[in-house]
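Q: The primary structure of each chain is shown beneath.
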Amino acid sequence: MKYDMKNNIIRLSVLLIAAASLWSCKGDMVFDNVQPVAVTELQSPAADASIALFDADGAKTEFRWAPAKSDGVPVYSVVFYVSETDKDPVFTATADNNGTRSIANVLHTDMNRMAQTAGIKESQKGDVWWTVVAAYGTEQVVASTPRRKLTVTRMKGFIGNPGTLYITGSACEVPELADALQFRRMDDGSYEIFTQLKGTEGTDKYWLVDTPVDGPNKRVFGVTNGALVEDDAPLVLGTGESNSANEAYRISVDFTKGTFTKEKVTKVWYNYPNKTAENSDMTYAGKGVWKLDNKMITLHNLGDNPDNRYHFRATIGGKTVVFGHREKDTQEVPAKYDNSSYFWANEYENKSDWDYSFKFMPRTNGIAVNMTLNLSGATEHYSHAIDLGNLVPVAVTALGSPAADMSLKLDNISGSKQAFSWTRSGSAAAVTVYKVVFFKDAAGEQKVSEVEAGNSDAIDILHIDLDTIAGNAGVEAESEGTVYWSVVADVLGNAAMPEFAPRALKIRRFQGIPSNIYITGSASEYGETLTAAGKLKRLEHGKFEIYTQLKSGTYYFTDKTDGNGIRFAVNASNQIVESASPVTILGDAKVYRIRLDFTNNTAKLEAISKVTLQFSPNSARDADLTYKGKGVWSKEGYYVEFHQEGWGRDERYRFVANISEPSAYSEVWSALPAEDSRPNKLEYYEYYNIHVQTYNADRYSLKYKFMGELDYKTADVDVVMSPDVNNYHHKIYNVR
Amino acid sequence: MFAMASCDKVEDLYYGDVPTTDFTDQAADYDWAEVGDKTTNNFITRWFRETNGYWYFRTKNDGVDDGGQYWPGAHAMDLVVDAYIRTKDDPARAELAKKYLDMFPKWFDGQRQANWAGTGSWKNPFIDDMEWNVITMLNLYENHPTPEDKWLTTARQVYDDWIWSTWDQFEDYAGGGLLWSHDTIGENKDGPTKNACSNGPGSVIACKLSKILPDADDKAKYLGQAKRIYDWEKSVLYDPLTGAVYDNWGKGKVNKGSTTYNQGTFMGTAHMLYQLTGDKMYLQDAVQIARFTITRLTDKKYNVLQNEGYGDNCTFKGIFVRYFILLVNEPDLDPAVRAEFIKFLKHQAVVLWTMGVDQKTDELLFSADWTRPAYGSQELGAQFSGCTVIEAMNLLNY
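Here the protein sequences come in this chain order: A and B.
One gets this note's numbering by counting positions in the first sequence from 1 and adding 646 to each.
One gets this note's numbering by counting positions in the second sequence from 1 and adding 247 to each.
One chain only, chain A, in its complex shape:
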């Protein structure tokens, strides 16, 4: 057979080239003198076999037969019938590889449809018969063996979700078909709608349709004996089923399971944590929307701060559910009340008062708002809205100081500041907040910074901040340039810019404080070559930092690497001094963190004796890192093995730095305290940033988590505290 095949292939390939077609093996080929030969042996499934159809993506059953012994390459199909003798097939499946294989993997979704055509109901068992047809061009030959019986158990549920689903009928809120209310398609493929049913019990009806347009393609669904059926079997409003004014139903339909469930929504309310007196019931406004108007928001202190959390609750089918934020404990406070995704409402089973809360802007305290909870199927997401009603900002009518085009020379004296002031159209309620806004351009389009002034008509801004603002606006260090400013009035995110144009302010930036600082000398790991000097990381105006090694020798700092710079040294009392003489270091090399503050000419040198990777759940897996130079520590070949706990596998870790001089203490180098997620990739992103934090002996409180795929892997780990990177971070690489 193999050799026959090869001969065939040679012949076929000639034909193929002649036909200039790359797709061989297909039924549309030309066959020369090929005699039709029938398949003589069906192999599997065995005769009288039973199979269950599985509702899983890609599930299939393999049909197999012995290839027909012929010269040609037939195109095979598996053909299904409702009986052993019936002439018309209910379904035909082409064999694998465009019919060229003597195997057909038939998808269960196709077989489910086939079984339905053969009259087998959902979840039920029934018989079909199958055989194999070999086609040679237009000639077809049926297998010479008898058809095989196959018992098929259908999947649960309907074939094919309708896509969209509407409710209609005289018992509905909107009885007209054209305006029928739409169900929401849920993530799991089921449907739900919040709506009222009302009318005369025993008379008015409702049913489900897949389109609000009448026509031959409209599918209609009803319920018979509690199960969903596809036929015109409308439901009649039963005794006690009609909703009272403030009630509604949640109707859930699952086509895959064939279920229809109706639960009464008896109550929907605004829920403030732990203070039931603040809770207020909402009223049903129709079409899946609940409202609460003119609700006075009172935020009660929890500790020293007002608790600004809230969510919504409902009693559905006798059970309490929560409609809340997508995160269990969001730290986000919205900047305004709008229709952004922050306000989307997700449903949860009964939770604590605080879980899945939204947050008010704290200034909402004492304000009356209108709330809406929208559970309509017509919108893309369930959501809620906070409407401030007639609350509008009290506008700014004029700017006061500094005068237009004023020149301001910033000076280095700590605490130096400039007063900004403005006039308002009237007295502003505490809820209005004013912000001094700085722009790069006169038209006020390129905002660079803003400074909140609270509910006031003046604020002092520090020169040090103005230096940064000027820098952000493109004014070169140590030179003069113009920025533009104005004042915005903001009520809970509802902000108004004055009608008039921003005002110009000429700022001469700080003098005499270096913009760059370098370390050089024989004691430095950057060596004595000035052009190769190590540039310190600039933290803010006049403040610099570097993690570097100092060894026996001399070093100094300078602000330029061309030899024309000023040289600085640190004296015995940790003062920065301009000095031609470098600092001398004796003794063993140590790694230091050097911090220089030119705004008060102080320096701090701290020796770092050790950096350790702590594996939170098991100190036996802690590993010390080796200093590699220029601010980088490394551990080569760290074996990661998560710690098995009753609840799963613990993958937490962090870094700890031991400082030995001037006094001994430890720091944690980790993610921020709120971080509790796993990273989603090994490549650098902000997750891997190192935040230097006060030491906490609890090995779990400040930490990172390893990526799941690192379990049982070995990897190299670097801690990068180099002045060259934007963010100190660590990296895990060379995983093996």
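Don't take each hint at face value.
Negatives, chain B to chain A, calculated, CB over 12 Å [what the hints assert, rightly or not]: (1) Ile291; (2) Gly300; (3) Thr393; (4) Asp407; (5) Asn435; (6) Ser482; (7) Thr618.
Computed footprint of chain B on chain A; a stretch qualifies when at least three of its residues, placed anywhere within it, have a C-beta under 8 Å from a C-beta of chain B [claimed, not checked]: (8) 694-702; (9) 976-987; (10) 1278-1292.
Derived by calculation from the structure, the hints in this document are not laboratory data.
Even for Gly, the Cβ is constructed at its ideal location relative to N, Cα and C.
Given chain A, work out where chain B should sit, using these hints.
A: Structure of chain B alone, referenced to chain A:
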């Protein structure tokens, strides 16, 4: 001419990259029973230890990482059963055979102590972990000359109550299949997943119960379950065109990726279903699954089963070999196919024994890479996997 290649594959269905290096002759140079004495005894001495009167296999041989291993310990015991089968009829090894046999009840009583989810109980949130233990209990029951009833009743109870029950409980996910783990279910978790590693062994258990239990109704019931699991795995987690077994169904989709142990258990249950039903389809499936493994999941340079890593993964190859040797010994196997499989098995054994272990050391440690020896502290899974190959050479009937 790529279109031609697809035609050619019609005939080439089962013939992938056939092993090229032939160590068949060299295999005859070794007395595998003697080698088995060394490797298996060494393994038992270093890993099977007693604590508070209970005997179980430890994570490592170093006495430091001394915890029990709830599911790898089951596979380690399967190896001991292999060694018992090898020695039981050899008068020169009567003492060894007794030593292995004495371990049967010790293992059954001690193994539960290694269950992190509840010391002393067999119940564990991971379905596959319970399955491996149930398989071993049935192995003990089948191979001990005077087995204890509780090995069978416990196996049946664990399977009925905690393994098979997950089919109905989670049938709405993927239309069926056995759950992998209760640990993936809950808030902020991935939800139920159906894995090859829980379904292959589940079907193996049902086959074994059908074979062992005397009552005709029980036989039919468990055979029905074995087929149902098999059909599901074949329908959802198997590529019949290549013989690849996929890892799992989760979050509505099939996650591909083939490993030797999933190949092994699916091949194993296909073979057992052939033995129970005589339906050739199952034997063809078993051969195809085996072929995929020995041609695709190998280290291409040395043609040995690939290094799948440490931890859980270093147990995988031993599991494949456990079921592979049963298939190689199948009398109905096509002789040409058997010859090809034997060649592969002998090749594994020779490479492992000549390159994969340092014979100068007492420990005789195998690594996850069968072409490189291990030294010092070693994981249980890597060691029993290597030992299983050696014992497989002893179990070879042809």
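Q: For each hint, tell me whether it holds in the structure or not.
A: Taking the hints in turn, this is what the structure says about them:
1. Against chain A, the non-interface label of isoleucine 291(B) holds: every CB pair exceeds 12 Å, the least being about 25 Å.
2. Listed as a non-interface residue, glycine 300(B) keeps its Cβ farther than 12 Å from every Cβ of chain A; the least gap is roughly 24 Å.
3. Here threonine 393(B) stays apart from chain A, with its beta-carbon at least about 37 Å from theirs, past the 12 Å limit.
4. With a least beta-carbon separation of about 20 Å from chain A, aspartate 407(B) lies farther than 12 Å from that chain, consistent with its non-interface assignment.
5. At roughly 8 Å, the least C-beta separation between asparagine 435(B) and chain A is not larger than 12 Å, which violates its mark as non-interface.
6. Some Cβ of chain A comes within 12 Å of the Cβ of serine 482(B); the nearest lies about 4 Å off, and the non-interface call is violated.
7. Annotated as non-interface, threonine 618(B) keeps its C-beta farther than 12 Å from every C-beta of chain A; the closest such distance is 16 Å.
8. Note: the region 694-702 of chain A has 6 residues with beta-carbon separation from chain B under 8 Å; the three-residue rule is met and the coverage holds.
9. Residue count for the region 976-987 of chain A with a Cβ under 8 Å from a Cβ of chain B: 0. That is fewer than the three needed, and the coverage hint is violated.
10. Counting residues of the region 1278-1292 of chain A whose C-beta lies closer than 8 Å to any C-beta of chain B gives 3; at least three are required, and the coverage claim holds.
Hint violations for this structure: numbers 5, 6, 9, all remaining hints satisfied.
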